[in-house]
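From these two lone chains plus the hints, build me the complex, please.
For the protein sequence lines, the chains are A and B, in the order given. The opening residue of the first sequence carries number 1 in the working numbering; numbering runs sequentially from there. The opening residue of the second sequence carries number 1 in the working numbering; numbering runs sequentially from there.
To be clear, the hints were calculated from the coordinates, so they are not data collected in a lab. Nothing here was measured: the structure is a model prediction, and the numbers come from that model. Check each hint, because a few of them may be wrong.
[Claimed, not checked] Capping the alpha-carbon separation at 27 Å, the derived lysine-lysine pairs in DSS-like fashion look like this: (1) Lys455/A / Lys392/A; (2) Lys368/B / Lys233/A; (3) Lys365/B / Lys233/A; (4) Lys353/A / Lys183/A; (5) Lys353/A / Lys339/A; (6) Lys742/A / Lys714/A; (7) Lys212/B / Lys197/B; (8) Lys197/B / Lys233/A.
Spelled out, the chains give:
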Amino acid sequence: MNSLTFRRTRKLRSAALYVLLGAAALYGYTHPVSLMFGLEFSFAALFLFLTGRMYGLSWSLLQVLVLHAAGYFLYGPSIGLFLHAAECTFVILLCGRSHPRDFFWGDLLFWLALGLPFLTVSLWGTGFTEVLDYPLPYFVPLMGGLMNALVTELLVTYLTLSRGRIRLRRIPHGKIRFSRLLKQITLACIFASSFFYLLNNSRTLERSILDQVRKEAGTSIRMMETTMANWSKEDVRGIKLRSLLSYAQLGQMVRDTTLSSDYEWALLTQSGECLLSNPEGGPEWLRSGRWRKWNLPLYEWKPDRTFQRVGESDWKRNGFIYSAEGQSYTLYVKIPLVKFSPMARGMYMASMKSFLIVVLMLSLFAYLVHNFFLKTIGQLAASTENIPLRLKSRTKIEWPQSRIEEVYSLIGNFRSVTEKLSDMLQDSWQMAHYDALTGLPNRRHFTEHLRSRLKKGGGSDAHLAVLFIDLDRFKQINDTLGHGIGDDLLCQVAERLDNELGEEAFIARLGGDEFVVVMECHGERLPSDAADRLLEKLNHPFLVDGHELFVSASIGISLTTIREEWELDDLLKKADSAMYDAKGSGGNAYSFYALDQAKSISEQMKLEFELRKALDQGQMSLAYQPIYHSGSGQIVSVEALLRWNHPELGSIPPSKFIPVAESSGLIKTLGEWVIREACKQARVWASTSTAPFRVAVNLSPSQFRQGSVYRLVKQVLEETGLPPELLELEITEAVVVNHVGKVMEELKSLRQLGVQVWIDDFGTGYSSLGMLKTLPVDGFKIDQSFVRGIPEDSDNLSIVRTVLALAESGEWRVIAEGVETRTESEALTRLGCMEQQGFLFSQPLTPDQIAERYVLACAVSKEEEL
Amino acid sequence: MRQVRWFLPRALLLMLGLLLLLTACTASVETVNPIPSLSPTTKPSAPPEGDRKLRIMVPKELPPAWQEELQAMEEQQPIEWLRVDSADANAYLDALAGSNPPDLLLFGASLLGELRGLNVLEDLSSLPYGGFSYNHVFPGLSLDAYKSLDGRRLMAFPLRLSALVTFYRADLVEKAGYPKDPESLGDRLADPEEWVKLGTAAKANGQWIQEKKTDSLDFLMAGQGFFDGDGTFVRSTRELITQLDAVQRAYQAGTAAEWDIGSWVGRNALHQSRFAMLYGAEWKLADLKKLDPEHAEEWQMTRLPFDTYAPGDTLLFAIPSRGSQSEQAWAFATAMLERKEKGESYARQWASRFPPSWPTPLDRKAEKLWRATVSTYLFDESKTSTQAVATGYARTIAELNPDLGRLFEQIRRSSR
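Just chain B, with the same shape it has in the complex (with noise of 0.2 Å):
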């Protein structure tokens, strides 16, 4: 019993003690957090008051008359214009890549692929900018392009638009046997048919109505991406099957010139009433009748065949987040949308019927693939079109693949 007496006991405080031991054992020792401090998003510091200008960076090539409004601005402020090749994407990334980015970007359509999938841009639907009280400028234009690829933030604006178009010689057309009237053609090369064969009348006549072949192709895929916002390619619908048989069809009827007009075989070409019909940005317009004087009269504009609406030269503007003068970048930009365009434009007048595009920064690639295969496969008189887009489609996803699907895995994550 005495033993049990004092058994007790102790094994008591030794349990005690050692539920001490315990606690001391298992105390975990903290530390402070290793990752370094972490800093905002850098923006270079403004320059001085008086050599303060605004960076823009503006593509070389740009039409006459939004040139001269740019150059206009200039009275307001002073600007440093750092001009790129509007193809090349690149100077436009490293210059946003750079320790001292553009207070300013302004840029052509082709570019917003590349772009959309930044993060390094204002969100012009945010405050202090608010870019959708603009949407007024572009009545029915959807603004999906110009929103990043999650469609958060509005990080592109339209300062300019212009529409793709058809230039055709009244004349010749009638002569053909279609309507001169814009609006009566419009509704007639609607269908891809009439289309064809008003180039095989043409062609008969000794006229063509395509500069080269691969301007319908040109038209028809003008202003559109490759995948809509699930991913889904968009380039293999059994309309656009029944399109490209008819730009088939007219390739091998021979309704394509295979001459530039710019060239000089070209613009004898056309003085030579050989072109009936042309596409192009409609601000061309005036430069094709300063390009064939004796038939200025002749030369008009309708919308494109197949029932076709696209944008044609475009102009947005972003603010780079690192920019150091957002606030004046913001003012331009407005000061120009604001600023009445000359001329009502058929841009105003269809935009709300230009197709929805969804560009990637893969859509650069995806062209090039898409392009070079689905014309091979037109152009080829053993292939078919439903093949060439069959193919295009294999083609262009596997290349691109895995980059699109991680892509695409990674929209939808963000979008969340």
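Same shape as in the complex, but just chain A (with noise of 0.2 Å):
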């Protein structure tokens, strides 16, 4: 269908529609609902208000104007006709198309304003003055007036209208609201009850009414033809001259054989002639007026339409009119119907009583429900809308109270289930704001902190400091004496961090060994101030289950005077930057940001990327530092230590890689080149020594975690060829500290394999005297700290004495690494320690200049003694 084709057709339905609006009401109009003595109801207003909020005012006021113009034309003008059309173009103008407003409260708002008053000065108008003994004139009107607008209103609220077609509407969301349907059904309990009380009455009293009328005619047509049958020949000449007298007999018959006295009466001849009458000169009846049979001779009498009729307000001229027959006479009798007010008016006073008491009772179960129902089932849903929202901005939320059960217990168990989701909330709300082993605020909570600290600015001159703290050797702390103490140890950290700056700063431990604390600076309070004092209070030692242990930390800080969100991830970078300058400067210190740090931040980037590609170019090589005898002056072996020359940057430092490599997860990769590497090295100058010595390589506590080092290691021997025997495998005490089940499996493989097995930096990882009488190694490698400044130094003395003898009896050996005087040497190999590491006996080497070194000189001599 084209879209021309299309408005088409929806012009035409829409015209149709109209016109059909326009019938419904005309046919509406012509057949009202009669009640009894000419009260009607009309739905004519019912089709004109849907026009109304369908087709807009213009074609609604025509509408309404055809409509009257109809009945002016049909009826004749009257009172009642003007008050309809004086509703309706109200009502329409009021909730027409372009006002949707409730038709049932537009209608309402007529009747009050000017529907009632009107109809008041009308009904005076013709004389009806029995408003409190009889409000039906007034209550039928306005009860049909606002029960049209009553259906109305439900038909636009259910149904969708459109001009094109009227389908049942979809309700928004599915949602009825229900103050609303209460409303509405109260409303239509009462309309439609009272409406169908009213008609049901109706037609009882109707049918009541016919049965007596029915009864009385009937007796007194037979009494009156008994009697016309027996009149005296002077009776009918006294008829037929029209004699008063014979006026006066006839009236007392008809009085005689009716139940009234009051009734109207005409005897007719035959010819139509109207002799006598009561009233004289012939009642209204006999020349005018509407007659509805019932059955014969029966019939229903109510006069023309007059003007000032409201509906059929004049039906106190209604009546039943029945016939009798005597000596070519007819007499017709009227029963008026306003001799069966009183009984209508007793049973509508009684309908109306009953209604008022409908109306009342519906008002007050709609009040209940709303009171105790409704009412408190909105503020229910008014309490638990965004109970999320709320319960995370901490408002108090009202619970209302009802007497009923049901509605008590639904309360109850939404204040039961938002008091759990308040708990599980909170609980969420800790965990996700603060770290569960410090109990600080975490990372999340740091940033949401430090977020709402730039949003809410400060004063100008206010400095807002960030504070980055990163324990120095936490590492060697959580590998040598494991994860237990080293959490203690940050909870203690924690506590003392706390109780230093709690009330001054924000803290939080944003994971691992690291706190960061957020202050304002201003006036004396200066962030230096508190680094320092954190330093000072930091030095004091820990007590951690027994152990004692010392422990500094690197702070770097970072201030700001812009407060704006963006800052928040450069203020930290730049407080992460200080902290290392901090570190690198030796630790228990603190560093103010400073402009090249960014440069540090971004080479240690570059670093990461340069990383990934050093092994494939070739960059890496390693270097080996041979370990003597000093008593034969003989190497025993030599460390292999990795060397990453990069063409663009030059030599790069382990210390400046190996994190890189860490944190990167390269160094798995990196540790199994050095080990192949190593191994292939070994080999070759095994092939060609005569006095081959062993090589060392160190493992990093990684390679342990990320895969089996005895299939690496075993792996790797069998591809080079290097016999197991001149393999040293050196690992920290974290090693073994951290992983003692499984590493001591890999270890007793290892050296079940003839692979030597060491210790290297011995002292520094804090692992137990008794746990190392059970690791299957060979030696250990004594870290230079101990090595220093002896003899001279009495503590490194006893402590390398203490490990000697320790070795001695665990018949393991002995290597002092960082010999780097003559006097350390002496000391050292006095106190036993004969196998020494260091600058004082060579640098790290190529592996050419070992080669020429040790192992062509070793051959030369050995070709020399043969």
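This is how it looks when you write it as structure tokens:
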């Protein structure tokens, strides 16, 4: 269907619907629902209201005009017609398409403001003064109008009315507002019940009246016809002469044969000449009126319509007419309807009372439902709206009260669920915003706090400082003493931080051993002071699970006066960078962020990138530092040391790239490459040397976490052909402390393979002596920090002595690292530590240098010996 | 929710359909008026121009002078006289109820009661008649008696009227000790006691002052009805009791001859000067003088005793609504009215003094009852006039009811 055809079809539909509504209105007007005594319900207004809502003002008023013009020509002018037209016009103007207000209230407004006053004046004009005794002439038009408006409102609410069609409305979101539904149901019940009650009573009354009329008429007709048959010649002559006496006698006969003295009657000849009548001159029904046949010879009679009628307000002239025949005369008698008005009035007043009772009951019911149920439900709905948001904002929820058990239970359930949800949200919030270990705010909380501080702004001279705190050597503590000890240590550190700065700063734990402090700086309150205080506090030893631990920290400080959200990440990065600066300076210090630190950060990122290419591009190499026997002066082994010679950046120290490799996961590949390369080189040396020496390779703790070292070593040995006896593996204390069971198995397997296992940097890892006894290792390498300064440094001397004594008892060998002076070497030799390593003996050498100095030389000397 | 969404619109549509059904079911079916088309009162068609005669119903008994006047009217237009007995009300009523009623009714006052209750006579006060314009014919005469019972229509008008008077022999009256001058005698006899004394004195002289014992009752009640317009019985007044007491005593005194002067005995008595006083319509004086030519000069007339004025013979006319020549009838009547009556009558002089009368259709019946009762009581020496009046009242009313009640109820309704 193209758009033109569609538009035409739509227009045709619209026009057809308009005509149909008009026709329905005309039908409703010409076929009112008749109640007794001329009271009528007309549904014409219903269709006019619908037109008003669907077709706009002009078309609606045109329809109102046409309908009432038709009414004018059909039934003549009347007050009722005018009132009906006024009602329709008023309501359409007030609630039509351009102002879609509630029809019911619009119509009620019309009746209160215009309709009832006008009706009062009109009815008084017709002589109706029995408002209090008989309010139906008020009640019926009012109720009819309101009922039309209510039905219209229901239709426009629950039907989709468009000019093209009428169809059932899809209620938005499938929801119905119960208060509105309750109002509409209540009103519909009131009007429907009263309407049908009135209608039913009218029918009952009508039947009752008809029965009475039939009985009375039947009896009267028999008596009259008997009397008329017995009229004498003089009686007939008197009638012919319209004698007053005959008139009186005839009137008496009518009175005697009927139940009232007020009936109108007329005696007619067969030719239609009215001889005598009451009232004289002939009743109006002889000449005019509307007749309705019930059954012969009984008719219902209504007067012609008059201008002053409101509906059939002149019903008092209505009546039932029957006839009796006798001696060529016909006597017509009218039983006035007004005779039954006391009965009708009584019944209608009873109906009115019932109606009022129904209204009261329904209103009470609606009130109770609204007050005790709907209002509470509404309050409950309001209270439970956006509960998560309210709980989050910690807004107090006002719970409604109810005496209704079910509602009370519902409220209780809501309250219980909400309280539980609140607890869960609280827990969740706590978990989301606080560190479970230390109880300090976590990274998220810190981010939100910092963001809020940045958003909130501050004094113009106030700096916002972020102190990034990282514990020095915490990793070693964690690796050597275990995570349990490390966690306890973190808790104590957090407690000290909180005690020191808790009231003046925001302290959070970002993760691991990283803490952060956010503080406002103004006046004498300087971040450097805070950093000093923190460092001083942290320098006091911590007692954790019987261990006295010494911890220092590196603190990076960044400051900003720019209170913008975008500063957040930058501020933290700067503090982090400054922290690295402090750590680079040896730790236990603080450092402010400087501009060139930004460069360092980007360098690290670049380093990681370059590291990934380094192996492939052959930038990595191994250097080997010899380990001598101080007694013989012979080399016993070499320690493979990784070197990175970048083509652009030059030589990069391991202290720079090893952490990058650790953090980026490259350490596994790097470690494998080192073992494989060292073994290859050792195999070469071994194949040419007559006095082969071992090669030592450092293993990272992460290598143990990431796979089987045993399998790797065995594979590499098989690949390279290096005898296992020529391979030493150096591990730190952290390896065995953190992975006791698994590492033990690995180490045992390696030793069974023939590979020697050494503990590197012994003395720095807090490994217990008890545990050391069970370690499947061949010896220890004493950390250079214990070697430094002996024999003058008595502490180090005693430590070395103790280690040597321990080694002796366990038949372990000991190597001293970092021997730089001859005094140190001699002292170590005296103590029994014969294997030594350090710059005193040799710098790390290239493989060629090693080969030249120790392999080829050894081979030459051997040949010379031979 | 889905059920609610579907239930509400369906319920609404159902309700709408129900409402339309209700309007259809309650639509009333009107029928045409079952009463035959009303036809106005039908009048017989007027006869052709050549055969046109005014049909006048007239009493057989009329004063000769009046008869002559009527006869004389034939010179102006053809008249068909329908002569009936003046006392025969049925003849009039049958004629009126018949298919061809007379064009004009001429009748006596005794028929007024019946005719006033009918609604078949033209209203002479309305156009084109204008009967009130002839009030001057009988100045001061109350026309209430000629109006319909509801007082709305003037249904009859007097054509001729005579007064009821006292005839007396001046010589005999003088002999009884009373003045023979009419005026003086009328004044003396205004007192009922004087009339009784005159009767007693005349009796002592061998003369009577009444033909029959009821003469005095007749002239006392002449021209009077039984009820007034409110339905009140008017014949039970104290004054009437006094008057009837005089009538009773006069009777007891033997003042009545009990002979009719029309009879042979009565005429002899008249000649023998045994009647000192007689009563009748004024035109009868001439007849009386003819009957007693020897004393013609002595017979004179004066007003009635007891200070009573009453109409004697009366000729009234009425025009039936269904008459075919109403205009001609009216023309006839007006011609009669405009025709000068011969001589100056007492009726014209005393018209304003005639007692108010309010005849009803029940008067004829009432007259019989009342007169029978009162006569019986009055002329029974053991009864008093008070008893006569009271009993007459009680019996009459009892006998007339319930028609009496209905009649006046109807009159009240019709008068509203």
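Ascending list of hint numbers which this structure does not respect:
The structure breaks only hint 8.
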